[in-house]
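The hints should help you fit chain U with the ligands onto chain C, whose structure is shown.
For reference, the chains in residue letters:
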Amino acid sequence: MDFPRILSGNWELENSHKLDVARSCGTYGRVQKALAMPPVELIQIVKDSGLRGRGGAGFPTGMKWSFVPSAEKRGNKPVYLLCNADESEPGTFKDRYCMWKDPHLMIEGMIIAAHAIGCKVGYVYIRGEFRYIYDRLWEAVHEARAAGLLGENILGTGVDFQLHIHLGAGAYICGEETALISSLEGFKGQPKLKPPFPAVEGAWHAPTIVNNVETLAAVPWIIEHGAAAYKAIGTEKSPGTKLFSCSGHIRKPGVYEIPLGYPMRDLINVECGGLLPGRTLKAVIPGGSSVPIMTPDEVARCNMDYESINTLAGSYLGSGGMIVMDDTTDLVAALTNLLRFYAHESCGQCTPCREGCGWMYHILCRVRDNCATAEDLVTLKDLADNIHSKTICFFGASAAMPVQSFLLKFKGEFLARIEAASKGLPAGSHVSPASLSVVGA
Amino acid sequence: MSSHAAPIPASRGPVEWPDALLPQVEEILSRYPTRQAAVMPLLWLAQDTWDWLDLDVMRLVARTIDIPPSQVHAVASFYTMFKKSPTGKYLIQVCQTLSCALVGAEAVIEHMERTLEVDEHGNSKDGLFTVLRVECLASCGSAPMMQINEHFYERLTPATCDQIIAGLRSGKPLALPRPEVDKWTFPVS
Ligand SMILES: Cc1cc2nc3c(=O)[nH]c(=O)nc-3n(C[C@H](O)[C@H](O)[C@H](O)COP(=O)(O)O)c2cc1C
Ligand code: SF4
Ligand code: FES
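First to last, the protein sequences are chains C and U. Following this note's numbering from start to finish, the first sequence increments by one per residue and tops out at 441. Following this note's numbering from start to finish, the second sequence increments by one per residue and tops out at 1189.
Hints were generated in silico from the structure; no laboratory data involved. Among the clues, some could well be false.
What the hints assert, rightly or not - 16 Å max Cα-Cα, derived EDC-like pairs, lysine to aspartate or glutamate:
1. K101/C - D1182/U
2. K1183/U - E12/C
3. K252/C - E224/C
4. K77/C - E201/C
5. K1183/U - E257/C
6. K1084/U - E1110/U
7. K381/C - E355/C
8. K1183/U - E14/C
9. K101/C - D135/C
10. K120/C - E152/C
11. K390/C - E355/C
12. K18/C - D1182/U
Unchecked claim - Here are some chain C residues the structure puts well away from chain U; computed CB gaps all over 10 Å:
13. P69
14. E89
15. F93
16. R127
17. G128
18. E129
19. F130
20. A147
21. G170
22. H249
23. R251
24. G278
25. A334
26. R340
27. C371
Nothing here was measured: the structure is a model prediction, and the numbers come from that model. In this text, a Cβ means the ideal position worked out from N, Cα and C, and glycines have one as well.
Just chain C, same shape as in the assembly:
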């Protein structure tokens, strides 16, 4: 289907990452207009557009910007804008293409956002594994600086904005905004308790706005076409388009830009080409590995927007990283795989998270290997319930939600393993199909 392509419209063009190509498509064409506007007006447009953060939490972007204390209130403190390009949530791979294919669109969004919040220096925090994109982002920054689009007195408007790229070094938790700030400041990437929220006290104790790559890349279009045009796309509570990263057992995995509110089953069956021949749908994780899993019934009912997935399936749109699993999937092995991830990535500050993730992983290994008892399942659920909401950052909940939802919605798979264990069957012999890896194995 043909949808408006606000974020990915230039990706097919040859050399779409170069300044001259970007400019010929209209990129940076909104800078002059935006920088001539009073910041409050810019914030109002973004508020009216209904744009919500694309990093996972879906927080309204304009509202977040308005939390930055006024110049009088913050005294001589600067304001920082940080672009969150850490993209480490399993199942999510959209920001990577935004930056690789159209870095100037993101930079244009940052220039506009910086003016709106009164920021003179910004940083893109990009995960260390994206080294090849880091180099490209610096190239783009140098091109933009040379063209007078970054630095002092941008395009003669009197507005200054300098941008730097900061390379992470392999730590999932640095995607969490307070951890990202600690990491940028040159410390271990460990989250901090909120409040204070970064918008009030963030990097170097100054007001700081953290926005996802995709969020910032949507801003120039909104400034050009207006809030009403953006609201006309998508749904009432989830306006605009979103990039969905689709992976797993589908015929055409990849990144798709579609208007929010699009039926989930159409995304799977049309854009993603449907399941492999002869397979049926078993489950979908709709928004990155941290969100609750969905059953085929829920998939059939839900649309890809914040409210539908939440009210009809108790899950979240999250980062838009959709992982599709067909009937050949061993869900016990799948959950074990995810918990290995969380056990490895916990930053270790909070006892429930540090100890709990490893503990849940070890129980799951036993369940998977047919040597767990019914009590283990009770402990597993207890652990998840006692981690959720009892930690410094949302990572704890991110590890707990998969466990809670798999156990709730696919309990039979876990019970079958307990029964197999009670009969002394070896690992691998249970009622659900044999292997987590089915394609290309």
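For chain U with the ligands alone, coordinates are given in the frame of chain C:
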């Protein structure tokens, strides 16, 4: 991150930034309001220069920004991509997280470990390769995948892994087109 402390690395003797790098060091320092914030970019620069980070390299970084060496060590240990011990010339990081696992990551990893005859640290017999299992590299649509040094190799099968390895051994540039260059959808043939 890894919750276990990094092993205390061996010493290579005191080091200084090569003269040619000094402007780059200064430029890095100029990006941030504090010198502390330069620790990660300087560790990257040091790792690019000396391949891996021993205590002497960490001391140099600490001197450059005037913080205790223990703080540099704490940062270097927290982040998995800072190498606290030498690796093979080609560092092969194979993703083992869910989306990759669903489409055959385990077969790829086992194949690589077997054909390169790696030891328990992942180092190949000839010392040329190090194979590590890593978590999601944001390439889940083109799974299974791996990263070799800077580059991503995607839609892997044991057969394409063999081609890539053969290419690296022969010293020729990459044998396969890298999807990172152009595509963002990956139809299964
Ligand atoms: C454990 C954890 C990991 C996160 N990882 C990312 C990430 O990789 N990228 C991202 O943009 N946001 C990530 N977030 C969300 C950020 O904390 C933050 O909400 C977001 O960057 C705000 O930008 P937005 O409002 O534009 O979405 C993560 C949050 C948590 C709790
Ligand atoms: S919840 Fe986990 S990741 Fe977050 S601060 Fe606590 S220990 Fe660290
Ligand atoms: S799960 Fe392997 S790249 Fe994301």
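- Message: Hints numbered earlier in the text: which of these fail when held up against the supplied structure?
- Response: 3, 6, 14, 15, 16, 17, 18, 19, 21, 22, 23, 25, 26
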